Structure formats: C-alpha cells, structure tokens
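Heads up: the protein sequence lines correspond to chains X and V, in order.
For the first sequence, the numbering used here begins at 18 and goes up steadily by one.
For the second sequence, the numbering used here begins at 13 and goes up steadily by one.
Watch out, some of these pointers could steer you wrong.
Examples of chain X residues lying across from chain V (beta carbon under 8 Å, computed) [what the hints assert, rightly or not]:
#: 1; residue: W34
#: 2; residue: I81
#: 3; residue: I105
For lysine-lysine, the following DSSO-like pairs were computed, each having C-alpha atoms within a straight-line distance of at most 30 Å [what the hints assert, rightly or not]:
#: 4; chain 1: X; residue 1: K193; chain 2: X; residue 2: K212
#: 5; chain 1: X; residue 1: K111; chain 2: V; residue 2: K21
#: 6; chain 1: X; residue 1: K263; chain 2: X; residue 2: K111
#: 7; chain 1: X; residue 1: K212; chain 2: V; residue 2: K21
#: 8; chain 1: X; residue 1: K200; chain 2: V; residue 2: K21
#: 9; chain 1: X; residue 1: K111; chain 2: X; residue 2: K200
#: 10; chain 1: X; residue 1: K113; chain 2: X; residue 2: K200
#: 11; chain 1: X; residue 1: K212; chain 2: X; residue 2: K288
#: 12; chain 1: X; residue 1: K111; chain 2: X; residue 2: K193
#: 13; chain 1: X; residue 1: K212; chain 2: X; residue 2: K113
#: 14; chain 1: X; residue 1: K193; chain 2: V; residue 2: K21
#: 15; chain 1: X; residue 1: K200; chain 2: X; residue 2: K212
#: 16; chain 1: X; residue 1: K113; chain 2: V; residue 2: K54
#: 17; chain 1: X; residue 1: K193; chain 2: X; residue 2: K113
To spell it out: a stretch of chain V is covered by chain X in this simulated footprint if at least three of its residues, at any positions, have a beta carbon under 8 Å from a beta carbon of chain X; those stretches are [claimed, not checked]:
#: 18; segment: 65 to 78
#: 19; segment: 110 to 120
#: 20; segment: 127 to 135
#: 21; segment: 198 to 211
#: 22; segment: 259 to 271
If you're looking for bench data, these hints aren't it; they were derived computationally from the structure.
Predicted model only: the values in this text are computed from it and were never measured.
Don't be surprised by glycine CBs; every beta carbon is placed ideally from N, CA and C.
Next come the chains, spelled out residue by residue.
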Amino acid sequence: MERRSTPYALLGPGLFWLAVFFAIPLFFMAIVSLESGSLDEGFALTWEFQNYSDALSNFDAQFIRSFVYAGIATVLCFLIAYPLAYAIAFRGGKYKNALLLAVIAPFFTTYLIRTIAWQTILGDGSPAVDVLQFIGVIADDGRVLDTAGSVIAGLTYNFLPFMILPIYASLESIDKRLIEASKDLYANSRTSFLKITLPLSAPGVIAGTLLTFIPAVGDYINAEFLGGPGQAMIGNVIQSQYLVIKDYPVAAALSFVLMAVILVMVLLYIKFAGSESLMGDEEGTKP
Amino acid sequence: MKGAWTWLKDHAVVLYAAFAIAYMLIPIAVIAVFSFNDPEGKFNFTWSGFTFEHWTNAFGIEELNDALSTSLQLAAIATVGATVLGTLIALALVRYEFFGRRAANLLIVVPMATPEVVIGASLLSMFVYAGVVTGFATLIVAHVMFCIGFVVVVVRSRLIGFDRSIEEAAADLGASPLTTFRTVTLPLLAPGLIAAALLAFVLSLDDFVISAFNSGQTVTFPIFIFGASQRGIPVEVNVLATILFLLSIAGMVLVVWQQRRAERMAAMRPTSS
Numbered sequence: 018m019e020r021r022s023t024p025y026a027l028l029g030p031g032l033f034w035l036a037v038f039f040a041i042p043l044f045f046m047a048i049v050s051l052e053s054g055s056l057d058e059g060f061a062l063t064w065e066f067q068n069y070s071d072a073l074s075n076f077d078a079q080f081i082r083s084f085v086y087a088g089i090a091t092v093l094c095f096l097i098a099y100p101l102a103y104a105i106a107f108r109g110g111k112y113k114n115a116l117l118l119a120v121i122a123p124f125f126t127t128y129l130i131r132t133i134a135w136q137t138i139l140g141d142g143s144p145a146v147d148v149l150q151f152i153g154v155i156a157d158d159g160r161v162l163d164t165a166g167s168v169i170a171g172l173t174y175n176f177l178p179f180m181i182l183p184i185y186a187s188l189e190s191i192d193k194r195l196i197e198a199s200k201d202l203y204a205n206s207r208t209s210f211l212k213i214t215l216p217l218s219a220p221g222v223i224a225g226t227l228l229t230f231i232p233a234v235g236d237y238i239n240a241e242f243l244g245g246p247g248q249a250m251i252g253n254v255i256q257s258q259y260l261v262i263k264d265y266p267v268a269a270a271l272s273f274v275l276m277a278v279i280l281v282m283v284l285l286y287i288k289f290a291g292s293e294s295l296m297g298d299e300e301g302t303k304p
Numbered sequence: 013m014k015g016a017w018t019w020l021k022d023h024a025v026v027l028y029a030a031f032a033i034a035y036m037l038i039p040i041a042v043i044a045v046f047s048f049n050d051p052e053g054k055f056n057f058t059w060s061g062f063t064f065e066h067w068t069n070a071f072g073i074e075e076l077n078d079a080l081s082t083s084l085q086l087a088a089i090a091t092v093g094a095t096v097l098g099t100l101i102a103l104a105l106v107r108y109e110f111f112g113r114r115a116a117n118l119l120i121v122v123p124m125a126t127p128e129v130v131i132g133a134s135l136l137s138m139f140v141y142a143g144v145v146t147g148f149a150t151l152i153v154a155h156v157m158f159c160i161g162f163v164v165v166v167v168r169s170r171l172i173g174f175d176r177s178i179e180e181a182a183a184d185l186g187a188s189p190l191t192t193f194r195t196v197t198l199p200l201l202a203p204g205l206i207a208a209a210l211l212a213f214v215l216s217l218d219d220f221v222i223s224a225f226n227s228g229q230t231v232t233f234p235i236f237i238f239g240a241s242q243r244g245i246p247v248e249v250n251v252l253a254t255i256l257f258l259l260s261i262a263g264m265v266l267v268v269w270q271q272r273r274a275e276r277m278a279a280m281r282p283t284s285s
C-alpha cells in the first residue's frame, strides 16, 4: 500500500479531471481571445491582441464598477460577519450548532430564488421601501431597485456565508486560555481583543475576504435582478457577449483579464499565507 | 440606568448577532410566505391573498417537474463523481509526501477562486472549439469539476484528525489493505464523506452560472427559474424552494447528529496516549 506511486494513483483521476476541464479550457479561452471573425463567417486565430485593448476600453466602466461594488460588499460582509461569528464562537454556548445552522440554512435555498426574494423585498411599493421613504433615507418617490445600493446589498447578502464560516473557524480554534492569560496580565477586554483575538483570527478574515470578493467581482445575477442597465457588472458583459451577442473573442478577452487580475490576487495571497491555509490546514496543525 | 447601560454593553455583540441572523432569514421567510400567495397577474411580487392552491399543485407544472428532476439527477451523478475523485485526492494530500504537492494544491484551489462566469465561459470555449454539443453530459463534466475542490477541503479536514493506529491494528490482525479500508477507514470517514457529498449535492443543485453556459438545450431547476423570471415565475417555484429548504435543514441536522454519534463512539475507545 505504501508504494511511492500510491499518492499519484490517488491524485491521478481527480487532478486529470481538473486539468482537462479547468486548466485546458483556460488555454482554449486564451486562443479564442486572440481570434477575429464573426459567428457567421467563423473565427480564425489572427493573434488579435487588439481584442484586449478593445475589451478594456469599451468596458472599463463595468470593470471598475465590479471591483468597487465587490469591494464595498466585502467590507459590509466583514462588518456583519465578524461580530456575528464572534458572538457564535464565544457567546453561543450550547446553542452554537443551532446558531451556525441558522446562519448557513438560508444558503441552502437556490441562489436565484434568494436574489428574486430580495427583488420582492426591495421592489417599488414594498413595505421595506415605504419605510425607507417614510424615514427619509430615500426620496418620497425614490426607488431602491435598479440602484447601486440594491446590487451591493444583494452581493453582500449572497456572499455572507463565505465570510462568516472562515472567520468562525479561526475564532473557534483560538485557545481561550490565551485570552484568559491576557486578562490575568491586566489587559482590558479591548486590549486583549486587539492584541490576541483579532490577530489570531486574521487567517479567517483573509480567507473570508478572498472567498467573498472573488465571486462577487465576477457575479452577474445580482446586477441582473437587482440593478438596471446602469449597474451592469463585468460578469453581465461577459455573459451577454458570450451567450447573447456571441462575440466570443471579446468575451474571452474580458474573462481572461478578469481571471488574470484575480489570479494575481490569489497568488499574492498564497505567497502571503500559504495555499495550505486557504484550505483550512491550520485546523490540522493544532494538537 | 447604569445597570441597563452595562447590560447593553455586555450584550451588544449578541444583540448585533441576533439582528444579523434575522436579516439572513428574511428572504427565506419571504419565499415561504409568497408560496401561499394568490397573485393577480403573472408576477408573484405583491401580496394579494392567501391560498393553499399552489401547495396542492406543487408538482402540477410539467416543465418545472422536468427541470427539477434533471437537476436532481445531475446533482446525484455529479456528487458521486466528485466525492470519489475528491476523497482520493484528500487521501493522497493528507497521508503521503510526494513531489508536486504545491502544483496539486494549486489545481484544487484555483478553480474555487475563479469566478463562475470565467469557468463557464472557458469550458464553453473548449467545447465549441472541440465541436462538442453541450447538454446533460457536458453539465455532468462541469459539475463534477467545480465540486471536487470542495469535497477535498471537507474530507481532508476529517482525515487530519484520523487515528491511524486503528488501521494499523487491523493490519496487525491480518486484514488485507482492502479489507482494512473497507471495514475500518471507510466507516470512520463516513461522516466526513456524507458532509462532503451533501455539500457537492447542494452546490450542483444550486448552480446557475456555469450551467447556463454549458447546458445546451437541457433545462435545470435554476435555468428554468431564470427563464421564467422574464415572464413571471410560477408560485409553485416558491413551494418547491420551501420544500427543498426544509429537506436540506433536515439533512444537515442528520449530519450533525451523525457526527456527534461518531464522536461519542470514538470517545468510548481507550486512547493510545
């Protein structure tokens, strides 16, 4: 059983699948992104690097908007998730599992249906919008739907568990005796939070930030259902270029730029924290 | 007054968490409530009356049933595929030292860190290039692919806490490697495998973006909903979503209960140290 070829035999089928259906398609996308032509006449590889500059200059607004929306949503997710994860990890007591279930449960409803539920909640004339109009957050005839606010709210909601779970996992694995020790050494709760809890939960925060930000940047469902044409994100552009307009080269170039920007971020992260920690290995290294 | 202020300070984080949980549950409540709605037009956005009609007619829309059954079949096949492939990878990563570990890790992490729209588009690029007609088969391929990484993460965390002395004991007692795997390793790994399989199943059932690119003429549950959203989603979708929600809660409670039971059984064993 313990032969040197064993790990490769175990890895083989799965990694083969990932290589053939994840890595190689990226290579094909790279080729398509350098083609020119149209759906009717067919596409040919002409090393059309202009696709990239066209993609960037025509859709720079959507690119920037995607990163801004995803950035704001990630910060909001952190602000909601950290205290929530903290409360469950340190104050949950015997209800810890039940609370965790309550937090994860909503995300077992289909993503699209959840987003459409927000469309109902934030729709014109809904009770929530009436309240916002009444207290003056928005104008009396103001709308929530089809604004940047509703798209960011949708992104925040939909990617929240990706922030909560890693933060919870890292808070949960903190040795409580360290906090007690800091109290014994006369640290007040504020100091012991800032010096012990927060730094020790940093891996969870970093993982959560990436796991929230990355899917949020590429998302197009929230902008589709909760935003108008003025809120289109880069995902919407890629989707419509690919599936509606069928300009494959431009769509591929856009995907590639998005992928490249995100890959650089992930590689920086791996350099910073190690790829193993992104996969929850720090749990395993604990005694 | 001072007492109230101290209490508030002490419980601020708990109150905040309560609000956060309420916020997270609001859309679910809305979905469930609107499954009893009796909409006047085609769109189920405003409340116009209570009815059980759509609950009794839950499986009355043929297109919707077909889409749901396609999704369930797809999720079942993808779950089996991804759980087998992912578990083998996790075993290799946890139990062996080998050359190329970093590359293997990268190939597992990067797909999870890639926007779905890019995964969907690149896979379609390859299928178009290779002249493959997209449909149910390409959906299986895609779903297995994006589920593998999540299976690896879950099974791996279970394997790390695995007491290998039991396997050694089995071997000492003359069990062949295969018998040891079947009668010792697999049963002890079961809770992790069930959790991983459930996660894969849910991810597959929920996927819209990657499927939208690679489904061809095949209609899954999310693809049906997306199509219907243009012309009015039938209330039955809310009913089925509520049923699926309740079933997944039941499934999760079952897994937690199972894991507790496994831990209790493990605790009864004398420890080696």
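Do the hints match the structure? See the list:
Taking 8 Å as the C-beta contact cut-off toward chain V, the hint placing W34 (chain X) at the interface holds, the least distance being around 6 Å. Checking I81 (chain X) against chain V by beta carbon gives a least distance of about 16 Å; that is not within 8 Å, so the hint is violated. Interface hint at I105 (chain X): satisfied, since its Cβ lies 7 Å from the closest Cβ of chain V, which is below the 8 Å cut-off. Distance hint between K193 (chain X) and K212 (chain X) is fulfilled; the C-alpha atoms sit about 14 Å from each other, no more than 30 Å.
Annotation: proposed proximity of K111 (chain X) to K21 (chain V) holds, straight-line Cα distance about 22 Å (limit 30 Å). At roughly 54 Å between alpha-carbon atoms, K263 (chain X) and K111 (chain X) are farther apart than 30 Å, so this suggested pair is violated. For the suggested pair K212 (chain X) and K21 (chain V), the alpha carbons sit about 20 Å apart, so the restraint of at most 30 Å is met. Straight-line distance between C-alpha atoms of K200 (chain X) and K21 (chain V) comes to about 18 Å, which keeps the hinted pair within the 30 Å bound.
At roughly 24 Å between alpha-carbon atoms, K111 (chain X) and K200 (chain X) fall within 30 Å of each other, so this suggested pair holds. For the hint linking K113 (chain X) to K200 (chain X), the alpha-carbon distance of about 24 Å falls within 30 Å, and the restraint holds. Using a Cα cut-off of 30 Å, the hinted pair K212 (chain X) and K288 (chain X) holds, with the two alpha carbons roughly 24 Å apart. Restraint check for K111 (chain X) and K193 (chain X): satisfied, since their Cα atoms lie roughly 16 Å apart, inside the 30 Å limit.
Straight-line distance between C-alpha atoms of K212 (chain X) and K113 (chain X) comes to about 25 Å, which keeps the hinted pair within the 30 Å bound. For a cut-off of 30 Å, the pair hint linking K193 (chain X) to K21 (chain V) stands: about 21 Å separates their Cα positions. For the hint pairing K200 (chain X) with K212 (chain X), the CA-to-CA distance comes to about 11 Å; that is within 30 Å, so the pair holds. Between K113 (chain X) and K54 (chain V) the alpha-carbon distance is near 42 Å, which puts this suggested pair outside the 30 Å criterion.
Only pairs whose Cα atoms come within 30 Å are accepted, and K193 (chain X) paired with K113 (chain X) is accepted, the gap being roughly 16 Å. Residue count for the segment 65 to 78 of chain V with a Cβ under 8 Å from a Cβ of chain X: 0. That is fewer than the three needed, and the coverage hint is violated. Coverage of the segment 110 to 120 of chain V by chain X holds in this model, with 7 residues showing a Cβ closer than 8 Å to a Cβ of that chain against a need of three. Look at the segment 127 to 135 of chain V against chain X: 8 of its residues bring a Cβ nearer than 8 Å to a Cβ of that chain, three or more, so the hint holds.
Check on the segment 198 to 211 of chain V: 0 of its residues sit with their Cβ under 8 Å from a Cβ of chain X, so the three-residue criterion for coverage is violated. As drawn, the segment 259 to 271 of chain V meets chain X at 5 residues by the rule of a beta-carbon pair under 8 Å; at three or more, the given contact holds.
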